[in-house]
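J.: Residue strings, one per chain:
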Amino acid sequence: MDLRRDVFQAIADPTRRAIITLLALQAMTPTAIAENFSSSRQTISKHIQILTECELLTQEQNGREIYYHFNPKKMKEIADFIEPFRNMWDDRFNKLETIMKKYKSKK
Amino acid sequence: MERKTKVHAEEGKHDVVITREFDLPVELLFKAHMEPEIFEQWMTHDYGTVKVLKFENKKHGGWQFQNADPNGNVVFRANGVFHEVIPNQKIIRTFEMEGSPLEVQLEFLEFEKLTDDTSRLRMHSIYRTPELRDQLLKQPFAAGLNMAHNRLQNVLSKLK
Chain W
7 MDLRRDVFQA
17 IADPTRRAII
27 TLLALQAMTP
37 TAIAENFSSS
47 RQTISKHIQI
57 LTECELLTQE
67 QNGREIYYHF
77 NPKKMKEIAD
87 FIEPFRNMWD
97 DRFNKLETIM
107 KKYKSKK
Chain H
13 MERKTKVHAE
23 EGKHDVVITR
33 EFDLPVELLF
43 KAHMEPEIFE
53 QWMTHDYGTV
63 KVLKFENKKH
73 GGWQFQNADP
83 NGNVVFRANG
93 VFHEVIPNQK
103 IIRTFEMEGS
113 PLEVQLEFLE
123 FEKLTDDTSR
133 LRMHSIYRTP
143 ELRDQLLKQP
153 FAAGLNMAHN
163 RLQNVLSKLK
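First to last, the protein sequences are chains W and H.
Using the working numbering, you'd call the opening residue of the first sequence number 7 and step up by one each time.
Using the working numbering, you'd call the opening residue of the second sequence number 13 and step up by one each time.
These are calculated hints, taken from the structure and not from any lab test.
Cβ atoms here follow ideal geometry from the backbone N, Cα and C, with glycine treated the same way.
Here are the simulated lysine-lysine pairs, DSSO-like style, with alpha carbons at most 30 Å apart: (1) H/K63 / H/K16; (2) W/K108 / H/K102; (3) H/K43 / H/K63; (4) H/K70 / W/K107; (5) W/K52 / W/K79; (6) H/K71 / W/K108.
Partner residues aside, some chain W positions facing chain H, computed with beta carbon under 8 Å: (7) I88; (8) P90; (9) R92; (10) W95; (11) D96; (12) D97; (13) R98; (14) F99; (15) E103; (16) M106; (17) K107; (18) Y109; (19) K110.
Just chain W, same shape as in the assembly:
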């Protein structure tokens, strides 16, 4: 099976999105992250592993503990990729709205 490890796969999962949201606020240990979820510690570890492989998280060794940090640069890659497509449709729909508003007032 072709396991694609990239940012799009990483954010496809709601738990992983929640982990990103947590870590965007502060760096945390795996134990502290897992405490926020009802899923098993192993499940959360797997999510953290995927996020790390996609470079959305970075590890930092602090004494005996590992802290995970959020890497905002990777998040921007997603926005950069979708944004022009979204912009194109946004332009079109803005235009549609303007045209039809005029159309309405003509009647």
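Chain H: place on chain W using the hints.
T.: Chain H alone, transformed into the frame defined by chain W:
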């Protein structure tokens, strides 16, 4: 301007959902998708001028438009078939770029009345593979790069 258009595209999936709310009655939103003269006006954008060549806006009807660059050169033609047209509610149609490796996509457009003066459009496009979808998503990005490149060349050539 407020950004109201949302694009939802999950990695590894072969579909895209575009949603948008309009300050328009659902009847006018639908009409904009059914009248070729109106359709070509709002589909036209920085990347090209849209001209409708064929528009049989009914079940089993065909459509075709072309997209030309600012110099009038035809960049591509696209065509498809209306599979379902339910006024003010739903359009199911196919979309295919002619002479492109992108293959045909299936589009479900759902029109929803929110209030007398507002409405929502949900456009769900389905591609054969996730790779084909990603190629299509990247098109405006690539076109934008090309445009930036062309503008740069224009500026540079004027400097000579």
